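A.B. asks: Chain B: place on chain A using the hints.
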Amino acid sequence: RKEVEQDPGPFNVPEGATVAFNCTYSNSASQSFFWYRQDCRKEPKLLMSVYSSGNEDGRFTAQLNRASQYISLLIRDSKLSDSATYLCVVERYSSASKIIFGSGTRLSIRP
Amino acid sequence: NAGVTQTPKFRILKIGQSMTLQCAQDMNHNYMYWYRQDPGMGLKLIYYSVGAGITDKGEVPNGYNVSRSTTEDFPLRLELAAPSQTSVYFCASRLSGGSTDTQYFGPGTRLTVL
Chain A
3 RKEVEQDPGP FNVPEGATVA FNCTYSNSAS QSFFWYRQDC RKEPKLLMSV YSSGNEDGRF
63 TAQLNRASQY ISLLIRDSKL SDSATYLCVV ERYSSASKII FGSGTRLSIR P
Chain B
20 NAGVTQTPKF RILKIGQSMT LQCAQDMNHN YMYWYRQDPG MGLKLIYYSV GAGITDKGEV
80 PNGYNVSRST TEDFPLRLEL AAPSQTSVYF CASRLSGGST DTQYFGPGTR LTVL
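In order, the protein sequence lines correspond to chains A and B. All the letters of the first sequence, read from the start, carry residue numbers 3 to 113 under our numbering. All the letters of the second sequence, read from the start, carry residue numbers 20 to 133 under our numbering.
So that you can see chain A by itself, here it is in the shape it has in the complex (with noise of 0.2 angstroms):
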């Protein structure tokens, strides 16, 4: 079983839906939890920190569940631009710093 596993889509929806990924984590030491957003043939690019809190940032919204081990990614009022590889990034520390990341969900926003 894959330490951090995302649903790979794609996920195909029309401009202004409301869109949510949720990506699991088998770890329960992990401590640090992301979400960044990868264009094709780009590097990624942070999108959110997750906080135990949840957080909002305009349209989109991150929340971290410990007990069930997973995070979720809800993006409103989806926008062309929105079309992208969302990664779920976990991290740890011990004697060593631990990054894994998922595999990534294609998300594909139509006209």
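Rather than coming from a laboratory, the hints here were simulated on the basis of the structure. Treat the hints with care, since some could be wrong.
Claimed, not checked - Each computed DSS-like pair below joins lysine-lysine, with the alpha-carbon atoms no more than 27 angstroms apart:
1) Lys33/B / Lys100/A
2) Lys63/B / Lys76/B
3) Lys47/A / Lys81/A
4) Lys63/B / Lys4/A
5) Lys47/A / Lys4/A
6) Lys47/A / Lys100/A
7) Lys44/A / Lys28/B
8) Lys76/B / Lys4/A
9) Lys33/B / Lys4/A
10) Lys47/A / Lys28/B
11) Lys28/B / Lys63/B
12) Lys63/B / Lys44/A
13) Lys47/A / Lys76/B
14) Lys63/B / Lys33/B
As the list claims (entries may be wrong) - Now the in silico label distances, taken between C-beta atoms and shown as ranges:
15) Asp45/B / Pro113/A: 16 to 24 angstroms
16) Thr121/B / Pro10/A: 21 to 29 angstroms
17) Pro113/A / Asn81/B: 44 to 52 angstroms
18) Pro113/A / Thr26/B: 19 to 27 angstroms
19) Asn49/B / Arg3/A: 31 to 39 angstroms
20) Gly11/A / Ser103/B: 32 to 40 angstroms
21) Arg43/A / Asp92/B: 40 to 48 angstroms
Since this is a predicted model, take the numbers as computed values, not measurements. Ideal Cβ placement from N, Cα and C applies to all residues, glycine included.
C.D. replies: The following block gives chain B in isolation, referenced to the frame of chain A:
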């Protein structure tokens, strides 16, 4: 600030050749990372460094070496290139290992080993 820069952008190697992928950052970040990304996959950590003179292995270090003689530079060395090392390589940096610190990525190096 240029951010994180990587050279070259593209490279084709023959099996058994060696090369160094260059990475530099001008943000005075302590932490630097090397990842590889295979098609349709997430990034996998090869090596990382928490400061000049300190490096540590990530998830997939075999076939690679790194050094960190300065804060700015973090080159990745491939010895005896193999087709399994065909991938896109990303370098990243962040100020520290804290949960609120963003990783900034370079544009990547696309490597093909034939």
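A.B. asks: Do the alpha carbons of Lys47/A and Lys76/B lie within 27 angstroms of each other, as the hint requires?
C.D. replies: Answer holds: Lys47/A to Lys76/B is near 23 angstroms, not above 27 angstroms.
A.B. asks: Could you grab the alpha-carbon distance between Lys28/B and Lys63/B and see if it respects the 27 angstroms cut-off?
C.D. replies: holds, 19 angstroms
A.B. asks: Quick one, are Lys33/B and Lys100/A close enough, alpha carbons at most 27 angstroms?
C.D. replies: Violated. Lys33/B to Lys100/A sits at ~32 angstroms, over the 27 angstroms cutoff.
A.B. asks: Is the distance from the Cβ of Pro113/A to the Cβ of Asn81/B consistent with 44 to 52 angstroms?
C.D. replies: The hinted range 44 to 52 angstroms holds for Pro113/A and Asn81/B, with Cβ atoms some 46 angstroms apart.
A.B. asks: For the range 31 to 39 angstroms, tell me whether the beta carbons of Asn49/B and Arg3/A fit it or not.
C.D. replies: holds, 33 angstroms
A.B. asks: Can you let me know if the beta-carbon spacing of Asp45/B and Pro113/A is within 16 to 24 angstroms?
C.D. replies: violated, 40 angstroms
A.B. asks: Given the proposed pairing of Lys33/B with Lys4/A, does the C-alpha separation stay at or below 27 angstroms?
C.D. replies: This hinted pair is violated, its Cα atoms lying about 32 angstroms apart.
A.B. asks: Does Lys63/B pair with Lys33/B here, judged by a C-alpha cut-off of 27 angstroms?
C.D. replies: Since the Cα atoms of Lys63/B and Lys33/B sit roughly 23 angstroms apart, the hinted pair holds (cutoff 27 angstroms).
A.B. asks: Quick one, are Lys63/B and Lys44/A close enough, alpha carbons at most 27 angstroms?
C.D. replies: holds, 16 angstroms
A.B. asks: Keeping to a limit of 27 angstroms between CA atoms, is the pair of Lys63/B and Lys76/B held or broken?
C.D. replies: Holds. Lys63/B to Lys76/B sits at ~11 angstroms (cutoff 27 angstroms).
A.B. asks: Using the C-beta atoms of Gly11/A and Ser103/B, is the stated range 32 to 40 angstroms upheld?
C.D. replies: violated, 27 angstroms
A.B. asks: Going straight from one Cα to the other, do Lys47/A and Lys28/B come out at no more than 27 angstroms?
C.D. replies: Holds, at roughly 18 angstroms.
Of the numbered hints listed earlier, those contradicted by the structure are 1, 9, 15, 18, 20, 21.
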